[in-house]
Amino acid sequence: MSAIILDQVSKSYDGRIVLRETSLEIAKGRFVALVGGSGAGKTTLLKLMNGLSTPSSGRVLIEGADIAQRPGAQLRRGIGYVFQEIGLFPHMTVAQNIGITPTLLGWPPAEIAARVDALLDLVALPREVAGRAPSQLSGGQRQRVGVARALAARPSILLMDEPFGALDPVTRVALADDVRALHDQLGLTTVMVTHDVGEALLLADEVVVMADGWALAHASPRELLAGHPDPVVADLIAAPKAQAERLAELARG
Amino acid sequence: MLPILRNAAAGVSGVDPAVVEAARGVGMTDRQRLWRVELPLAAPVIMAGVRTAAVWTIGAATLSTPVGQTSLGDHIFSGLQTEDWVAVLVGCAASAGLALVVDGLLALIETGVARGRRRRLWSGGAGLLIGLLAALAPLAGRALSQGQAAYVIGAKNFSEQYILAELMAGRLEAEGASVQRRVNLGSVIAYRALASGEIDAYVDYSGTLWANILNRQDNPGRQAVLEGLRTELKARDGVVLLNALGFENAYALAMRRERAEQLGIKTLADLAAKAPQLTMGGDLEFFSRPEWKSVESAYGLKFKTKRQFQPTFMYRALAGREADVISAFSSDGRIAADDLVLLADPKGALPPYDAVILVSPKRADDRRLLDALGPLGGSIGVQAMQAANYAVDRDTDKKSPTEAARMLRR
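Protein chains in written order, with our numbering: chain H, 60 to 312; chain F, 77 to 486.
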């Protein structure tokens, strides 16, 4: 069964079309990257999947059920979401941030505390950060907390919006690898928005290429690297590919 | 309320949109988002609004004096009136000090909440609670002591009224009665307070009552006005007009003698001819009183400009030539002292203003009060009153109203 189905969805704000009619099926357990330039409609597409945004037309099915039939807040407690700007609550400690969704779900405090410890281990943060304020952490540590918060209520789906955008390259690669490992370890269905095509090709099982509100291609990284008839898609893939080849040449000396 | 609401709205709408979206993203309902995220994050801004409102309210509370409530404004208003700058300073400093203390306590609560410091929170809250209890204590005291019922003597907001209130209070206290004073009442408020029994006695003026309370525009003569008031006030409100004190404090238009002679003005009729070149100064209520309307229409007065002053500053304005004509009171000691002339009123547009003691309906049969105040009737001549008023109003060797009342008793 498909984890996520977008059935002919489109979205416009104030008469301006940000997402043209798009259909997309994401199978359970896949790691899918949405790539494209800014304004391509990637984030809009992602927000349709957990009801943060409502489609102007079309339906969204999560595990076979139309999400329009459920209260949005309840739906979102079952889907992990990592924000572009991290969005940790500045007035709560790290532990309270991570435990927020279980708290909303009414878990007993002892269970939440145990879950917070387990998640800190999972995202490779020392347990003593639990009592700190988000402002006392580095950017990389903050985004690890963001990932832990998204996973706290044991969702089967994880949505990430430019999760590594604000990080330095070394932290970025390390965290990306850790997230991919978590995806495999927890059997998640993951959808990640990124403008870094190289990152998408290296991490994801499937890549959706977007431009100007259109979903132009949906294929595996290997297929995309082999070439694509659409010139926009071909150009987008060609750039990191050429860079990688030049780096390889350089390394060979 | 306005600063609190505005700051609360500004605070909530000022929360980082990324954080608001995150709150939705983790599965909060709108209500949970408000209570768990938006209000806590807006708290410092909301508290700033509460603190602004608290300071503002303490400042504005001094304005409750003219409507008959006791406040720190009592010192400020009577101080301004009698030019007792120490009293004004005491009132202002106490008000400012209270504002600073309350602001400080609220700040303590705010930081206590923000940093989770229980002790700060509780000490701030306890301070406010103590202040509140201290403020309410007199009310409770009044409720408890209702049985022995002290006499309440009222006064409007000028020196003569303070002196006469002290005179009446002094006579009651000499009889062993306990007396409260409620000063700085507005003209109409004083009468209403008397009619409803909030105050037991005060001094008013026949013309004022005739025009403002009975809404009469005619002027049947001094004695007829007094008799008319005695019967009509008793019939309408149960208020007892005890007796006339013996002097008039009439509204009259006054000019500096040399200015009046230079312009050849002796009467209001003469004044009407020159009025378009002159500036008229009135006290704060004069231009809205029926007496002014009647003088204005009887003589066709049209001034170049009209300005309003506190009575004290009105006499200064006349001396400093900021005003050519002012609304004076015939019993004011400054008329003789400043060498002013009162303009004659040949058409009788201004009614007589005999000072009379009024007694509230509930004290109408109180022998002790009536016996104490009754002998004051006919005992104060206009010169004696002018002298007592001037003792309080003059700039040097000032007397307090209590001392001036002693001058009248002799």
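The set of hints was computed from the structure by calculation and includes no laboratory data.
Please note that the accuracy of each hint is not assured.
Here are some chain H residues pointing at chain F (derived, C-beta under 7 Å) [unchecked claim]: (1) Tyr140; (2) Leu306; (3) Glu308.
Distance windows between CB atoms, simulated [what the hints assert, rightly or not]: (4) Arg186(H) - Ala119(F): 43 to 53 Å; (5) Trp111(F) - Asp73(H): 50 to 60 Å; (6) Glu187(H) - Leu212(F): 24 to 34 Å; (7) Gly257(H) - Ala94(F): 44 to 54 Å; (8) Leu81(F) - Glu144(H): 24 to 34 Å; (9) Arg186(H) - Trp198(F): 31 to 41 Å; (10) Asp289(H) - Pro120(F): 45 to 55 Å; (11) Arg82(F) - Lys300(H): 32 to 42 Å; (12) Leu81(F) - Ser61(H): 22 to 32 Å; (13) Lys300(H) - Ala119(F): 50 to 60 Å.
A few chain F positions that, by computed beta-carbon distances, are all more than 10 Å from chain H [said to hold, decoys possible]: (14) Gly103; (15) Ile134; (16) Glu361.
Computed from a prediction, not measured in an experiment: that's the story for all the values here.
Heads up, the beta-carbon is just placed ideally off N, CA and C, and yes, glycines get one too.
These are the hints, each one checked on the structure:
1. Because the closest C-beta pair between Tyr140(H) and chain F is about 4 Å apart, less than 7 Å, the hint holds.
2. Interface hint at Leu306(H): violated, since its Cβ lies 35 Å from the closest Cβ of chain F, which is beyond the 7 Å cut-off.
3. The criterion of a C-beta within 7 Å of any C-beta in chain F is not met by Glu308(H), whose closest approach is roughly 42 Å, and the hint is violated.
4. At roughly 29 Å, the beta carbons of Arg186(H) and Ala119(F) sit outside the given window of 43 to 53 Å.
5. Between Trp111(F) and Asp73(H) the beta carbon distance is about 31 Å. The supplied range of 50 to 60 Å is therefore violated.
6. Against the hinted window of 24 to 34 Å, the Cβ-Cβ separation of Glu187(H) and Leu212(F) comes to about 50 Å, which falls outside the hint.
7. Distance hint check for Gly257(H) and Ala94(F): the Cβ-Cβ separation is about 26 Å, which falls outside the suggested range of 44 to 54 Å.
8. Between Leu81(F) and Glu144(H), the C-beta spacing of about 30 Å keeps the proposed range 24 to 34 Å intact.
9. Distance hint check: the CB atoms of Arg186(H) and Trp198(F) are about 32 Å apart, consistent with the given range 31 to 41 Å.
10. A beta carbon spacing of about 52 Å between Asp289(H) and Pro120(F) agrees with the range 45 to 55 Å that was offered as a hint.
11. Here the CB-CB span from Arg82(F) to Lys300(H) is close to 57 Å, at odds with the stated 32 to 42 Å.
12. Hint check: Leu81(F) to Ser61(H), Cβ distance near 49 Å, so the stated range 22 to 32 Å is violated.
13. In this structure, Lys300(H) and Ala119(F) meet the distance hint of 50 to 60 Å, their C-beta atoms being roughly 52 Å apart.
14. For Gly103(F), the shortest C-beta to C-beta distance to chain H comes to about 3 Å, within the 10 Å cut-off, and the non-interface label is violated.
15. Every Cβ of chain H is farther than 10 Å from the Cβ of Ile134(F); the closest lies at roughly 30 Å, confirming the non-interface assignment.
16. Every Cβ of chain H is farther than 10 Å from the Cβ of Glu361(F); the closest lies at roughly 54 Å, confirming the non-interface assignment.
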